[in-house]
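Q: Numbering (the working numbering), first residue to last: 12 to 298.
A couple of the hints might just be wrong.
Estimated spans, in silico, between C-beta atoms of each pair [said to hold, decoys possible]: (1) Asn229 to Asp150: 39 to 47 Å; (2) Val298 to Glu139: 44 to 52 Å; (3) Pro200 to Tyr72: 42 to 50 Å; (4) Lys61 to Glu206: 40 to 48 Å; (5) Val298 to Thr100: 41 to 49 Å; (6) Asn155 to Lys97: 20 to 28 Å; (7) Leu256 to His38: 24 to 32 Å.
Under the rule of at most 30 Å between Cα atoms (straight-line distance), these lysine-lysine pairs were calculated in the DSSO-like manner [said to hold, decoys possible]: (8) Lys233 to Lys20; (9) Lys233 to Lys270; (10) Lys37 to Lys114; (11) Lys180 to Lys88; (12) Lys177 to Lys88; (13) Lys61 to Lys107; (14) Lys36 to Lys235; (15) Lys133 to Lys233; (16) Lys61 to Lys97; (17) Lys251 to Lys235; (18) Lys176 to Lys108; (19) Lys133 to Lys177; (20) Lys235 to Lys37; (21) Lys61 to Lys251; (22) Lys97 to Lys108; (23) Lys55 to Lys97; (24) Lys114 to Lys97; (25) Lys88 to Lys107; (26) Lys88 to Lys233; (27) Lys107 to Lys177; (28) Lys55 to Lys235; (29) Lys270 to Lys55.
By construction, these hints were calculated from the structure, which means they are not laboratory data.
From a predicted model like this one, the values you see are computed outputs, not experimental measurements.
C-beta: ideal position from N, C-alpha, C; glycine also.
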Amino acid sequence: MAKLGINEKSLPFQMSWRDKLNLAKKHGFSFVEISIDETDERIKRLDWNKEQRFQLVRDVYETGIPIDTMMLSALRKYPLGSENPKIYTQAYNMCKKAIILAKDLGIRNIQIAGYDEYYGSKTVLTRENFIENLQRVVDFAAENQVMISIETMDDTFINSIAKVKKIKKSVVSPWLQAYPDLGNISAWPENNPGEDLTEGLDSIIAIHVKDTLAVTSNTPGKFKNVPFGTGNVGFLGLFKTLRRLDYQGTFTIEMWSEKESDCINKIENAHDFIVDLLTESGILIEV
Numbered sequence: 012m013a014k015l016g017i018n019e020k021s022l023p024f025q026m027s028w029r030d031k032l033n034l035a036k037k038h039g040f041s042f043v044e045i046s047i048d049e050t051d052e053r054i055k056r057l058d059w060n061k062e063q064r065f066q067l068v069r070d071v072y073e074t075g076i077p078i079d080t081m082m083l084s085a086l087r088k089y090p091l092g093s094e095n096p097k098i099y100t101q102a103y104n105m106c107k108k109a110i111i112l113a114k115d116l117g118i119r120n121i122q123i124a125g126y127d128e129y130y131g132s133k134t135v136l137t138r139e140n141f142i143e144n145l146q147r148v149v150d151f152a153a154e155n156q157v158m159i160s161i162e163t164m165d166d167t168f169i170n171s172i173a174k175v176k177k178i179k180k181s182v183v184s185p186w187l188q189a190y191p192d193l194g195n196i197s198a199w200p201e202n203n204p205g206e207d208l209t210e211g212l213d214s215i216i217a218i219h220v221k222d223t224l225a226v227t228s229n230t231p232g233k234f235k236n237v238p239f240g241t242g243n244v245g246f247l248g249l250f251k252t253l254r255r256l257d258y259q260g261t262f263t264i265e266m267w268s269e270k271e272s273d274c275i276n277k278i279e280n281a282h283d284f285i286v287d288l289l290t291e292s293g294i295l296i297e298v
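Throw the hints in and build the complete structure from the sequences for me.
A: Pasting the structure below:
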């Protein structure tokens, strides 16, 4: 039986954590994914004091909705592969803080973005720096029993589970796995998403669920804010693939509706859309 969660950025921005967790529970989700994004406000969470951390733990226990995963997308701004020594070191230190925060909050899995460099140029050095820094991060995560998972991205550096597995040949550890995004792996024409899931199953510990518009020879694709059912992702086929493979990990709906006036409606619609397809595919969802 699979668990269906929702990312924090889908939930109303101004809500307290307790209210966010209760809202997720009300709409049928089993967990929430916390966001440490590029904004200063959310990066500051890495420096929460003990009382702030304990308050969130209390909210989790009293609502019954855990925070199972963390999305550390701040690494897009501070990439592990940066050629700038200060940013390279800052990225590693942010990961260390995220690992300790996860340990304190009971979070099992930290998703890191599969970018060697996002805003700057990609070079042989940025790739090597990424692998080198990732090794240090994974070693620290292993010491603290926290999983690091690489998300397949809107970027050719790591846009498939197969590419995550190539990185895993350089950074060999059971504490490094894959967090595929069904929308992202479906958007790239060089990918066969069903085969990618099949051949990468032994590395998958969690899955992001979003819709996307595919990259073509004439268009760059669209990787965010594509309403469910209007994109090119073959959800039913992919869910059936995962059912055949007996995938038992989590699914996390990913949207960016936190500051939109119809946020609640989007949460309801997304939940119903995905649950209907999961049910049709034969995947049972924990409620």
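Q: Compare the structure with each hint and give your call.
A: Here's how the hints hold up against the structure:
Separation of Asn229 from Asp150 is about 44 Å and conforms to the stated range, judged on CB atoms against 39 to 47 Å. Taking the beta carbon of each, Val298 and Glu139 are about 46 Å apart, inside 44 to 52 Å as hinted. Hint check: Pro200 to Tyr72, Cβ distance near 46 Å, so the stated range 42 to 50 Å holds. A C-beta distance of roughly 47 Å is found between Lys61 and Glu206, which places it inside the suggested range of 40 to 48 Å.
Restraint check, Val298 to Thr100: a C-beta distance of roughly 45 Å satisfies the suggested window 41 to 49 Å. Taking 20 to 28 Å as the suggested C-beta distance range, the pair Asn155 and Lys97 conforms, at roughly 25 Å. Leu256 and His38 have their C-beta atoms about 28 Å apart, which keeps the hinted 24 to 32 Å range intact. The straight-line distance between the Cα atoms of Lys233 and Lys20 is roughly 18 Å, inside the 30 Å bound, and the hint therefore holds.
For the hint pairing Lys233 with Lys270, the CA-to-CA distance comes to about 20 Å; that is within 30 Å, so the pair holds. For the given pair, Lys37 sits about 27 Å from Lys114 by alpha-carbon distance, which is consistent with the 30 Å threshold. Using a Cα cut-off of 30 Å, the hinted pair Lys180 and Lys88 holds, with the two alpha carbons roughly 26 Å apart. Under the criterion of a C-alpha separation no larger than 30 Å, the hint pairing Lys177 with Lys88 is consistent with the structure, at around 24 Å.
Distance hint between Lys61 and Lys107 is fulfilled; the C-alpha atoms sit about 17 Å from each other, no more than 30 Å. Among the hinted pairs, Lys36 with Lys235 is consistent with the structure: their alpha-carbon atoms are about 24 Å apart, no more than 30 Å. Restraint check for Lys133 and Lys233: satisfied, since their Cα atoms lie roughly 21 Å apart, inside the 30 Å limit. For a cut-off of 30 Å, the pair hint linking Lys61 to Lys97 stands: about 28 Å separates their Cα positions.
Between Lys251 and Lys235, the direct Cα distance comes to roughly 24 Å. Compliance with the 30 Å bound is thereby established for this hinted pair. Distance hint between Lys176 and Lys108 is fulfilled; the C-alpha atoms sit about 26 Å from each other, no more than 30 Å. For the given pair, Lys133 sits about 18 Å from Lys177 by alpha-carbon distance, which is consistent with the 30 Å threshold. For the hint linking Lys235 to Lys37, the alpha-carbon distance of about 25 Å falls within 30 Å, and the restraint holds.
Between Lys61 and Lys251, the direct Cα distance comes to roughly 44 Å. Violation of the 30 Å bound is thereby established for this hinted pair. A C-alpha spacing of about 16 Å is found between Lys97 and Lys108, which places the hinted pair at or below 30 Å, so the restraint holds. Proximity of Lys55 to Lys97 is assessed by CA-CA distance (about 18 Å); at most 30 Å being required, the pair is judged to hold. Distance hint between Lys114 and Lys97 is fulfilled; the C-alpha atoms sit about 26 Å from each other, no more than 30 Å.
A C-alpha spacing of about 16 Å is found between Lys88 and Lys107, which places the hinted pair at or below 30 Å, so the restraint holds. Distance restraint check for Lys88 and Lys233: the Cα-Cα separation of roughly 20 Å lies within the 30 Å cut-off, and the hinted pair is therefore satisfied. At most 30 Å may separate the alpha-carbon atoms for a hinted pair to count; Lys107 and Lys177 meet this at roughly 24 Å. At roughly 25 Å between alpha-carbon atoms, Lys55 and Lys235 fall within 30 Å of each other, so this suggested pair holds.
For the hint linking Lys270 to Lys55, the alpha-carbon distance of about 20 Å falls within 30 Å, and the restraint holds.
The structure fails hint 21 only (numbered hints given earlier).
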